Every structure is written in structure tokens, then in C-alpha cells.
Amino acid sequence: MSRPEPAQAQDATRHHAPHLSPTRVLDLDPLLDDPKTRIVVCCGSGGVGKTTTAAALGLRAAERGRKVVVLTIDPARRLAQSMGIDSLDNTPRRVKGVEGDGELHAMMLDMKRTFDEIVEAHADGERAAAILGNPFYQSLSAGFAGTQEYMAMEKLGQLRAKDEWDLIVVDTPPSRSALDFLDAPKRLGSFLDGKLIRVLLAPAKMGGRAGMKFLNVGMSMMTGALGKLLGGQLLKDVQTFVAAMDSMFGGFRTRADATYKLLQAPGTAFLVVAAPERDALREAAYFVERLAAEDMPLAGLVLNRVHGSGADRLSAERALAAAENLEEPRIVDQEDGKAGLRNSPDTYESSESAASEAPAPDAGSPAATDPERTAATDGPKSVTPHVERSVDQLTAGLLRLHAERMRLLSREQRTRDRFTALHPEVAVAEVAALPGDVHDLAGLRDIGDRLAAHRPELPDTAVDA
Amino acid sequence: MSRLQVVSGKGGTGKTTVAAALALALATEGKRTLLVEVEGRQGIAQLFETEALPYEERKIAVAPGGGEVYALAIDPELALLDYLQMFYKMGGAGRALKKLGAIDFATTIAPGLRDVLLTGKACEAVRRKDKAGRFVYDYVVMDAPPTGRITRFLNVNDEVAGLARIGPIHNQAQAVMRVLKSSETAVHLVTLLEEMPVQETADGIAELRSARLPVGRVIVNMVRPEVLDAADLELVRSVPRAAVAKSLSSAGLGGARRGGNAERLVSPLLTQADEYAERHTLEHEQRAVLQELELPVHELPLLAEGMDLAGLYELAGGLREQGLT
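In order, the protein sequence lines correspond to chains L and V. In terms of the UniProt record's numbering, the first sequence has 372 at position 372, counting the first letter as 1, and numbering is strictly consecutive. In terms of the UniProt record's numbering, the second sequence has 222 at position 222, counting the first letter as 1, and numbering is strictly consecutive.
Treat the hints with care, since some could be wrong.
Heads up, incomplete: computed chain L residues facing chain V, CB under 8 Å, no partners named [as the list claims (entries may be wrong)]:
1) T395
2) G397
3) S410
4) R411
Here are the simulated DSS-like cross-link-like pairs (lysine-lysine), alpha carbons at most 30 Å apart as the crow flies [to be verified]:
5) K129/V to K31/V
6) K112/L to K181/V
7) K131/V to K31/V
8) K98/V to K236/L
9) K112/L to K261/L
10) K181/V to K59/V
It should be emphasised that the hints constitute simulated quantities derived from the structure, not laboratory data. Note that the structure is predicted; figures quoted are calculated from it, not measured. Each residue gets a CB set at the ideal place from its N, CA and C atoms; glycine is no exception.
With the rest of the complex left out, here is chain L (with noise of 0.2 Å):
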């Protein structure tokens, strides 16, 4: 087990700070509003709010005057309505609403349809057909995952084509490691150069000819392995995919590395998003440090659902002790219970004795659960104990919410600072926690405002408690 003290005697000291504030400071709207990015690339681990930063990025580059489109994977449906649309699909929409001159386009991307858009674009007809009527093409282009990570690389690089748009705003996939499609070229390079395609390809090349006895036998134990193990049916429709997609396959390499080279160019920028929690902080890191090895241009990192205090001054540690104090049961003679009150927090043990011994006796009659009935019928006098008392009982509350939500500030720093430790040269973008979900444009607009806001905006007290 770690040893606690050491943190906590820091988090006694960060207290007195005024929130998390980073070493850097990633300043977005520069980033947005230079003509010179063309594509901003939003990557993290799942459910860290992903989908919506790169939806509120997008609406804010175009209120500030750029035709954008954002490219989501895989959106929930409600933020998919938050931007008026009610189903994307994989031809860029305008989104009503956004407000300037710049524009706004979202889509979904549709990895059925784009597989079949670069059959249908590169292949003659016939062979079209047949690839497209093959049944390993289909099941592999409905979208087993892997599949995903090439066509979004293939739908980034057709938007960038077109020149189009200003800017475009990729989501990632929710993958395994939503790095993966960077891999996407390579390990389409390393298929097509590989032995196996020639394997794949042998019969059906050799076909009809005498060249089988050229073949030589390792190669043919090869296909009869694979022909044992997938049966030969299954084996002959790869076999058939392979050899009808050979002549695209090039194409398909090519304009991946393409895009590839496109991501590492300096109209790109990427952009970490993480929460700040311990997993979601540990991808991250990871992230950083693979775009780093990747030659990928990192921007900096999102750090979504950061919270604050207005009331950071009064430690977790007081709070509690105040609360306790509350708590203890007053009696009516409120003069003995506050004497023995206001030399809180050291004497509040000694005056535990005088509690008990008041064994509050209104406290289970109607009179105590009613308190504004009493109010009407009895004197002010007579009743001011028992409203104190429930005041007193919603203060503790208050001070007992306080103390939890400066845990999470701690918490919330120490996993931060361990990732500023590891990586001091990346700058922080810090978003405040919403109470609620992004329900439209409304909601994204202020997502982009607190993205674009140096800190979580907080009201600005500073209480010497």
C-alpha cells in the first residue's frame, strides 16, 4: 500500500490554491481561427466526452467564421440531435442554427458505405460487382472493428481532397486503443508486401494454367492448411475477394499513406482528451507519448469535467469538523449550545456530554417536522429553535457536500499532476463539469466556451475561512 501522508500533507498546502492550474495553457481559439489548420484530430480513451469536444470545437471555429465539418465515428444519438440532425449519415450536413458567418457540417461515418464508394470508384463494373456480392466483402465491410479505423483514414483523406472545407474535425474511433488507425497504412502495407496475398492469390492466378507444378510445395501446403482450417468454401471466397481487390489494394495503400503524412503535416493538430481520472489520465499519457513516436503534431489535452469550488479555501478536513458540529443535538436553550459551539473545532468533544444529556425532546413530535405550521400558530420565540435547527441540520448538509466535492478536487489534482510530472511539455486545456448532458447548439456553444476559457469558470470568492 502507498503511504498517504506525503499527499496529503501537499493537498493541505493545495488548498490554499485557487484551482487546478496547469503548467501550460492550451489556448484554443488561436488554434481555430489560424487559416493554416485544416484538421484538428480529437483522440482519448472512451466515454471521457470525446464526440463532444470535437462536436464544440466544430461549432465554435464556425461562429468564429470558418466553414467546418466534423467527421464523427460513432456520436450517441442525443448529440447527434444537440447539432439538429437526427440521423448523420456519411454525407456531410449543415447544421441550422450556428450563428456568424462560418458554417457548420457534421457526418457520421458509415463504413459500409465508404467501402462501397471506393469499390464502386475504382473498379469497372463487373468487378464491382462481384467484390461487392462477395460474402467475405460483406461481412468485412459491415464493420468488423478494424474495418473502421482504415475507412475513417479513407473518409479523412476525401474530405482533405476536396478542399472544401476550412477545417475538419475528426473524432476517433472508440477502439481497442483509439490509436489503432494510425496503424491502419501500415499494416495494410505490411499485408500487401507480405507472402500471404501471393498465397491467397496463387490459385486463382495459376488457374487454368500449368503453372501449378510451379508452385512449390511449401506454398501449396500452405493453402491446404489455410483450406483445412477455414474450409475450402470460405477459403475460395477470400481467394476471390483478394484477386478482385488486387489491383485496388495499391490505391487503397497509397492513399493511406497519404493521409498518414497528411496527419504528421503542420495543418494538422492533434488534440488528447481525457478526464481527470486515473485510467482516463493513463491513456492519455499513452497517446502523447505514441503521437510523440509517430511524429504526429500534438496540440495539447482536453481535460474535460474538471471541477471547482467557489469555496476552496475551506478544506475538506474543516468542513467536516464544522458539520459534526451542527450536527450534535441542540436544546432549545440555544445561548449553552452556541457558548459551547464557538470555540469550535478543539471544544466541541466537551460538549458532546451537555448534548446528550438534552435529549432534544421536540424532535419526534409533529410540532419539529412541521416547522411552518408551528411558526403560524405558536410564538416566534418558542419556535426559533426548532427552524434553527433544521437550518443548522441543511448547513451541515451544505458543509458535508463541500467536503466531498474538495475530495474530488484533490483527487482530481494529484491524478492531474501526475500526468503534468510525466509530461511537463504538454499544454492543458481545462474544461468545467456540467451538472448535465449537451441537449443542442445551445449546450455545445457553451462547452466552446469553456474550452476556449483559460480555467473552469467559477464565481470569484475568495473565502479566508
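Here the structure of chain L is known, so what remains is to put chain V in place on it, guided by the hints.
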């Protein structure tokens, strides 16, 4: 109680944590469970504070009452070679295939096969028996892909069985589907009390049901404690600020006068209460949505100190108390 427990959930809901807690809970009283990871993230190792798991079943925890939790991070490539050897005595061919790039092809370029291997390996562990004919593992708990992909992931063998209409892969795929679609399997969904995860849970359940996959339970994770009750929330709307200031002051937090320390706490504290109230209402609505799913719903608390090994045992205890085992 189904012997294969599949745990899915939207990203960020803590499905790895819940899967691990469930494996611990099921291991209590001398049982042996296997916790299986399929996404190569090494989340289990991080949770149990051990080094990265190899492709090997390894004991990682002891449960109260002498039970044991084993863990396995399935590596699709090694699983494929394993398979070739185990079922087809094709170890040599496997190595040759690896050289050819066929293994890489099977596990990455044609990732459907990867899912076949992952589900296949888990089902193999479910069915495995020792020499005495007893099951090696009483339960297998799978930390599965997220809700958005779970139906496709579990159903991949159906698709493969349709593609490869004969041959060993066909037979293998069908054998896996027989386990996955039977009462031997239960698919649990982890969610948070927030709109998007709850919506995704509802959608995921509909998909699982239409694919005739057995849906188990809904587990609401990271439930925040109730700090303010209904009466408090009622009062917070009408309470005079001065009264709160006075109360704070009486608790020793400074002066209640305007500008005093206690008085300056009132605004931020009431703001936090408003946020709490808003969230409380949302959570209430989401609970109602979950009730409509007509599935057993369980709740696990948010651990104030963050997730660690002790917290995992605490959650496992919670699952047992709620009769999940």
C-alpha cells in the same frame, strides 16, 4: 448462476472494475474464477496492482474464504497459434503461417477473426475440465468490449459460421455460439446515472435481446452518496442566506456579518447545493429509465478515495450483499 459472466458497459463507466469485483465476489467461499481481458489494455493488472499480465492464466488474488481469482489477458495472435496446435495439431503450420503474415492477417486485417479467437478462448475456459471431470473454473468473468460493440463481438461466431459453412472453423464457431446463447452465459451492462450511458445501456440491451443473447443485470457504478435529502433540497430553495451564515458562524467558520468569512461561504455553498439538486433530479430520471428495462438493477458506490485494491474488495462485498453471486 451462469458460468460465463460477460461484463460490458459504455467507456468510462468502470466495467473493468466491476468485472474484477464480480470475479472476486464469485470466488468467495472456496470457488475459483477466471477473469479474462480481451482488449489488450492491461486494465486488470493495473487494478490488482501487479505487473502486466502475460498470455497465461495466473493467480492474482485470493478471495475471502479461500477462493482464488485467476486472470488472463488474451493475446489474439498467441490464442490463434494455441488453437491451431490444440485442435488441429497444426503447431508447425502455425509457425509457417506466422512467417507468411497469415496470423497477423487473421488477427488484424480480418479482425472479425480476432473476436472469434477471443470469445473462443473464453468459452474454452468455461468448458475446460480437469482429470477428475470437474470444471477447472467455477466461473469465467469477461471484461468485454464496450456496449456499442458487445452484440457484434459476441455474435461474431454466428457470422463466421455463416461465412465458413463447413470445416473446423465452422464447427468451432458453432460450438462457441452454443455457449454464448445458452443460460451458461449472462451479459451484464455497467452504467452511470447519466443520460448518455443510460441511453446506451437501453440500446445495448435491445440489441442483445434481438440477437437472442442472454442479458443478465444492470449494474449502476459510482453512485454518489446522498448528502442532502428531499427536505434539505426543499429548504435550500427558501432558506434565508443570513440564517445559513449564522449557522456557519456558530459552527466556528467566522463572522456571519456581511463580508465576514462565514457569510462569504454562503454563496458558493448554495451554488454547490444547486448543482447537487440538478444532478439529483437527473439521477432520479435516469433511475426511472433503468427501471423500465425490467432487469435486476444493482448499485455500487463511488469510492471517495478513488479506486484501489481495498476498494475492489469493498465493491466485491457489495455485489455479494446484493445477491449477485
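Status of the hints after comparison with the structure:
The criterion of a C-beta within 8 Å of any C-beta in chain V is met by T395/L, whose closest approach is roughly 4 Å, and the hint holds. Using the Cβ-Cβ criterion of 8 Å, the hint placing G397/L at the interface with chain V is satisfied: the shortest such distance is roughly 5 Å. Hint status for S410/L relative to chain V: violated, with the closest Cβ pair at about 10 Å, above 8 Å. A distance limit of 8 Å between C-beta atoms decides the matter here; for R411/L the minimum to chain V is near 5 Å, and the interface restraint holds.
For the suggested pair K129/V and K31/V, the alpha carbons sit about 15 Å apart, so the restraint of at most 30 Å is met. Between K112/L and K181/V the CA atoms are separated by roughly 27 Å; this keeps the pair inside 30 Å, and the hint holds. For the hint linking K131/V to K31/V, the alpha-carbon distance of about 18 Å falls within 30 Å, and the restraint holds. As the CA atoms of K98/V and K236/L are separated by approximately 21 Å, the hinted pair is consistent with the 30 Å bound.
Restraint check for K112/L and K261/L: the C-alpha separation of about 25 Å stays at or below 30 Å, so the hint holds. For the suggested pair K181/V and K59/V, the alpha carbons sit about 29 Å apart, so the restraint of at most 30 Å is met.
Figure legend: structure checked against the earlier numbered hints; the only hint not met is number 3.
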